[in-house]
Amino acid sequence: MSLCEEYFPTRAYTNAVSRLGQLLSKERDRLDSVAQSLGRKSAVGPDNLAVQVPMIVDFAKEYHRAYSLYLEAVLPQHKNGIKCGPSCGNCCHHYPMSVEPFELVYLYSNLRRRDDFMSIMEDCQMRAKLFEGLLGKRLAESDSEDDAEDRALHDYFSQWKACPFSSPQGDCRIYPLRPVSCRMYFSETLPKYCVPEYLQTEKNESFVVYMPDHIEEALGGISEHYADLELPESYFGGLLSMNLYEGVFS
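Under the numbering used here, the residue at position 104 of the sequence shown is numbered 239, and the numbers go up by one with no gaps.
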């Protein structure tokens with residue numbers, strides 16, 4: 136799997152990056168101001184999450200819109216074209232990591248209204264427990280935490296456990312709400328090669344659409360403002376931790 140790509144700075148690319156930068160800068164300034172008024176480093180904590188939720192939701196929506204424009208600018212630059220399509224869902228068997236905390240707040244605020252909410256939480260718990268077990272085994276075998284995590288992620292994919300939000304047909308049931316970790320994964324090869332058997336072979340040309348370094352750094356600065364919530368960066372583990380703040384949303 137290719138992890139990075141240098142994109143030509145077309146007008147669409149430049150405009151998309153500029154929009155992301157402006158959006159993130161505005162939100163960082165807002166959070167810095169909140170933290171300063173509270174006399175602490177983190178703007179968002181258990182004590183003021185309820186007040187912050189509406190603004191977090193609005194920001195998350197705008198962030199996802201801005202990232203969609205970024206995708207529209209960069210995906211045409213992949214010479215082989217994107218083979219992803221409706222009802223594939225093969226990549227939805229991965230264990231998503233690096234989910235931003237504000238995305239978890241946004242998603243949880245919507246999920247808790249669903250009739251199948253408890254079932255979703257149970258599915259998340261099962262998948263988080265599975266990954267933790269696989270990671271524990273790999274940590275016992277390796278001196279490198281990064282290497283152990285990479286191997287555990289591959290082990291998890293090999294288990295072929297569909298995302299709790301994936302329908303039996305392979306469609307995402309929360310498509311408009313999904314985090315960027317899900318939005319950024321694509322393939323230039325046919326779905327039949329997006330399976331564990333071919334994942335680390337030349338037949339699988341999957342890739343991740345990362346953003347420029349200064350945008351990633353800006354995201355990191357925003358996420359630091361959520362440190363007091365102590366949310367894991369994993370998709371399912373993060374949602375489970377959000378459940379600790381259920382009272383905030385009531």
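Keep in mind the hints are simulated off the structure, nothing from the lab.
From the three backbone atoms N, C-alpha and C, an ideal C-beta is built for every residue, glycine too.
Hints may be right or wrong, so weigh each one.
Computed spacing ranges between beta-carbons, pair by pair [as the list claims (entries may be wrong)]:
| id | residue 1 | residue 2 | range |
| --- | --- | --- | --- |
| 1 | G156 | L325 | 17 to 27 Å |
| 2 | S160 | A362 | 15 to 25 Å |
| 3 | L173 | Q294 | 20 to 30 Å |
| 4 | S160 | E276 | 19 to 29 Å |
| 5 | T336 | E359 | 33 to 43 Å |
| 6 | Q212 | G156 | 27 to 37 Å |
| 7 | G268 | P211 | 33 to 43 Å |
| 8 | G156 | G220 | 27 to 37 Å |
| 9 | G382 | P347 | 32 to 42 Å |
| 10 | S172 | K327 | 47 to 57 Å |
| 11 | D281 | S203 | 39 to 49 Å |
| 12 | Y345 | E365 | 34 to 44 Å |
| 13 | E280 | S172 | 16 to 26 Å |
| 14 | Q294 | C223 | 28 to 38 Å |
Pairs of lysine-lysine residues, derived as DSS-like cross-links and limited to a Cα-Cα distance of at most 27 Å, are as follows [stated by the list, open to error]:
| id | residue 1 | residue 2 |
| --- | --- | --- |
| 15 | K296 | K218 |
| 16 | K218 | K327 |
| 17 | K214 | K296 |
G156 paired with L325, Cβ distance criterion 17 to 27 Å: For G156 and L325 the Cβ distance comes to about 36 Å; the hint is violated.
Range hint compliance [Cβ, L173 to Q294, 20 to 30 Å]: violated, 43 Å
Outcome of range test on Cβ distance (S160, A362; 15 to 25 Å): 20 Å Cβ-Cβ, so the 15 to 25 Å window holds.
Distance restraint evaluation - S172, K327, Cβ atoms, bounds 47 to 57 Å: Between S172 and K327, where Cβ atoms are some 55 Å apart, the hint holds.
Hint check for S172 and E280 - Cβ pair distance inside 16 to 26 Å: Given a distance of about 37 Å, which is not inside 16 to 26 Å, the answer is violated.
Outcome of range test on Cβ distance (Q294, C223; 28 to 38 Å): Hint violated: Cβ distance 18 Å, outside 28 to 38 Å.
32 to 42 Å as the expected CB spacing between P347 and G382, which holds or is violated: Cβ of G382 to Cβ of P347: about 39 Å, so the range 32 to 42 Å holds.
Cβ separation of D281 and S203, checked against the hinted range 39 to 49 Å: violated, 30 Å
Given hint K327 paired with K218 - CA-CA distance at most 27 Å: With a Cα-Cα distance of about 10 Å, the restraint between K218 and K327 holds, given a limit of 27 Å.
Distance restraint between K296 and K218, which requires alpha-carbon spacing of 27 Å or less: With Cα atoms ~22 Å apart, K296 and K218 stay inside 27 Å; holds.
Consistency of beta-carbon spacing, G156 to Q212, with hint 27 to 37 Å: violated, 20 Å
Range agreement (Cβ of P211 with Cβ of G268, hint 33 to 43 Å): holds, 41 Å
Going through the hint list in order, the structure does not satisfy hints 1, 3, 4, 6, 11, 12, 13, 14, 17.
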